[in-house]
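Visitor: Residue-level listing of the chains:
There are 2 protein chains.
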Amino acid sequence: MTSLDAEPQGLAGTAAIVLLSGGLDSATTLAIARERGHRCHALSIDYGQRHAAELAAARRVAAALGTVEHRVLAIPLGEFGHSALTDTHIPVPETPTRGIPPTYVPARNTIFLAFALACAEVTRARHLYIGVNAVDYSGYPDCRPAYIHAFERLANLATRAAVEGETVQLHAPLIDLSKADIIRRGAALGVDYAMTVSCYQPDTEGRACGRCDSCRLRRAGFAAAGVADPTRYR
Amino acid sequence: MTSLDAEPQGLAGTAAIVLLSGGLDSATTLAIARERGHRCHALSIDYGQRHAAELAAARRVAAALGTVEHRVLAIPLGEFGHSALTDTHIPVPETPTRGIPPTYVPARNTIFLAFALACAEVTRARHLYIGVNAVDYSGYPDCRPAYIHAFERLANLATRAAVEGETVQLHAPLIDLSKADIIRRGAALGVDYAMTVSCYQPDTEGRACGRCDSCRLRRAGFAAAGVADPTRYR
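Taken in sequence, the protein lines are chains A and B. Positions 17 to 250 (this note's numbering) are the ones given, in order, by the first sequence. Positions 17 to 250 (this note's numbering) are the ones given, in order, by the second sequence.
Worth flagging that the hints you see were computed from the coordinates, not collected in a lab. For each residue, glycine too, the CB sits at the ideal point set by N, CA and C. Heads up, some of the hints might be wrong.
Far from chain A, some chain B residues (derived; all Cβ distances over 12 angstroms) [unchecked claim]:
| id | residue |
| --- | --- |
| 1 | A90 |
| 2 | E137 |
| 3 | A162 |
| 4 | R176 |
| 5 | A210 |
Incomplete in silico selection of chain A near chain B, CB under 8 angstroms [said to hold, decoys possible]:
| id | residue |
| --- | --- |
| 6 | A68 |
| 7 | E137 |
| 8 | P157 |
| 9 | T175 |
To list a few chain B residues with every Cβ distance to chain A over 10 angstroms, as calculated [claimed, not checked]:
| id | residue |
| --- | --- |
| 10 | A28 |
| 11 | A31 |
| 12 | A72 |
| 13 | A79 |
| 14 | R124 |
| 15 | N125 |
| 16 | I127 |
| 17 | D158 |
| 18 | R160 |
| 19 | R169 |
| 20 | A171 |
| 21 | A174 |
| 22 | T175 |
| 23 | L205 |
| 24 | P246 |
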């Protein structure tokens with residue numbers, strides 16, 4: 017029932033909720049959902065992350081790739097602190113970290129997927145997409161296949177649709193891909209990665225630091241994929 | 017591992033996150049968590065419900081029962097509409113309904129529990145409490161035992177604590193109780209139900225309509241429990 021890696025058929029014309037951060041991974045995920053023929057409702061979460069550049073990127077990507085709707089929800093995840101992405105007192109690491117990095121946001125994907133499920137319920141969509149990948153982000157617990165399966169199982173008990181006998185599928189098409197694989201896949205689908213922002217601490221014009229975990233993974237990914245890196249570094 | 021109905025031991029002094037709506041069920045749940053000796057962090061969600069009376073009741077209950085913290089998070093669930101509780105264009109039914117009632121809020125408990133999990137993560141609490149019950153609310157998919165088990169399973173894959181080998185327990189101590197059972201239990205624990213608001217459409221002073229599903233269940237519960245009903249009806 018889950019669709020972590022397959023190339024499912026018969027999706028053309030069906031509605032999907034796609035979590036869209038404005039980064040490289042979620043842009044590629046949206047391009048894959050569009051290629052499968054979904055009518056895509058993009059959902060971005062303004063959760064008090066350090067930078068508005070990410071949400072501006074999400075708007076560009078949603079417009080460029082063709083969505084039927086782009087909803088931006090403001091939620092007070094920043095109030096919880098405890099993450100370098102929402103608490104400016106915690107520095108973004110600029111050297112590789114071991115274990116779960118300080119950029120981990122408590123329960124983030126669970127909260128994002130819960131809102132995606134609510135969106136699915138009101139739009140009668142039966143497909144959710146999230147751009148997690150377990151290869152580069154193995155330090156984040158909520159990016160792993162077991163987590164994705166568990167959320168899908170929950171979704172199929174949680175909603176009116178479930179009671180009425182319909183199933184929800186949670187797709188994580190990048191889960192087994194390396195950053196280079198993702199970039200090759202997106203480039204083949206025509207994604208313009210110049211629109212995306214991956215940096216954890218971009219400047220006000222959206223230019224990347226080139227030093228944080230996310231920048232390093234992204235830069236190495238373009239190099240390994242043999243694709244020119246369009247990122248604007250400051 | 018789940019604690020749907022047992023009377024678990026050894027909880028004294030441990031931290032718990034208790035979802036607190038201001039209604040009868042969640043007040044009883046908080047009283048049970050306090051009786052077990054938890055240090056309770058109450059969490060209320062301002063989700064655009066029709067009435068502020070419910071949140072005012074939550075504040076009274078949190079203060080009366082003794083919590084170490086009461087956090088109120090504003091989340092934009094009302095933007096989704098599609099529920100009589102968040103969309104004033106959908107009438108609250110005043111006669112019994114069949115199936116899932118129009119007061120069902122899409123993915124509500126999944127969203128609430130996701131935020132409770134985030135709270136647990138930042139406070140290092142290992143216990144979550146929710147006052148769902150499957151007897152009176154069998155029409156709501158996200159109040160059933162299978163749903164509670166699935167969320168607990170998800171929680172134990174989702175967080176930093178899970179990766180570090182600690183487990184989260186989701187307690188739903190009311191799940192098998194009727195409304196009368198809940199009232200008897202709470203009354204025995206000294207809960208003053210005059211503080212609580214269950215009505216789906218109270219007036220600005222918190223007085224109940226006496227006609228909605230929630231009022232009818234509550235009134236019948238007091239009668240069946242043989243406990244004087246302290247509800248202020250308008």
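Visitor: Would the least Cβ to Cβ distance between R160 of chain B and chain A come out above 10 angstroms?
Guide: violated, 7 angstroms
Visitor: Does the claim that A210 of chain B lies off the interface hold, with its Cβ farther than 12 angstroms from every Cβ of chain A?
Guide: Its Cβ never comes within 12 angstroms of chain A, the nearest being 31 angstroms, so this holds.
Visitor: Beyond 12 angstroms from every Cβ of chain A: is that where the Cβ of A162 of chain B lies?
Guide: Answer for A162 of chain B: violated, closest chain A Cβ roughly 5 angstroms.
Visitor: Since A72 of chain B was said not to touch the interface, does its Cβ keep a gap of more than 10 angstroms from each Cβ of chain A?
Guide: holds, 20 angstroms
Visitor: Please settle this one: A171 of chain B was flagged as non-interface, so is its CB more than 10 angstroms from every CB on chain A?
Guide: violated, 8 angstroms
Visitor: Checking hints one by one. Is P157 of chain A an interface residue toward chain B, by the C-beta closer than 8 angstroms rule?
Guide: Holds, because the Cβ-Cβ distance from P157 of chain A to chain B comes to roughly 5 angstroms (cut-off 8 angstroms).
Visitor: Does the no-contact call for I127 of chain B survive, Cβ to all of chain A over 10 angstroms?
Guide: violated, 4 angstroms
Visitor: Once the closest CB in chain A is found, is it more than 10 angstroms from A31 of chain B?
Guide: Nearest chain A Cβ is 15 angstroms from A31 of chain B, so the label holds.
Visitor: Are all C-beta atoms of chain A more than 10 angstroms from that of A79 of chain B?
Guide: Non-interface label on A79 of chain B holds, nearest chain A Cβ at 21 angstroms vs cutoff 10 angstroms.
Visitor: Beyond 10 angstroms from every Cβ of chain A: is that where the Cβ of P246 of chain B lies?
Guide: Since the minimum Cβ distance to chain A is about 34 angstroms, P246 of chain B lies beyond 10 angstroms and the statement holds.
Visitor: Could you let me know if the closest chain A CB is still more than 10 angstroms away from the CB of N125 of chain B?
Guide: violated, 7 angstroms
Visitor: Hint check: is the beta carbon of T175 of chain A less than 8 angstroms from a beta carbon of chain B?
Guide: holds, 6 angstroms
In summary, the structure is inconsistent with hints 1, 2, 3, 4, 6, 14, 15, 16, 17, 18, 19, 20, 21, 22 from the numbered list given earlier, while agreeing with the others.
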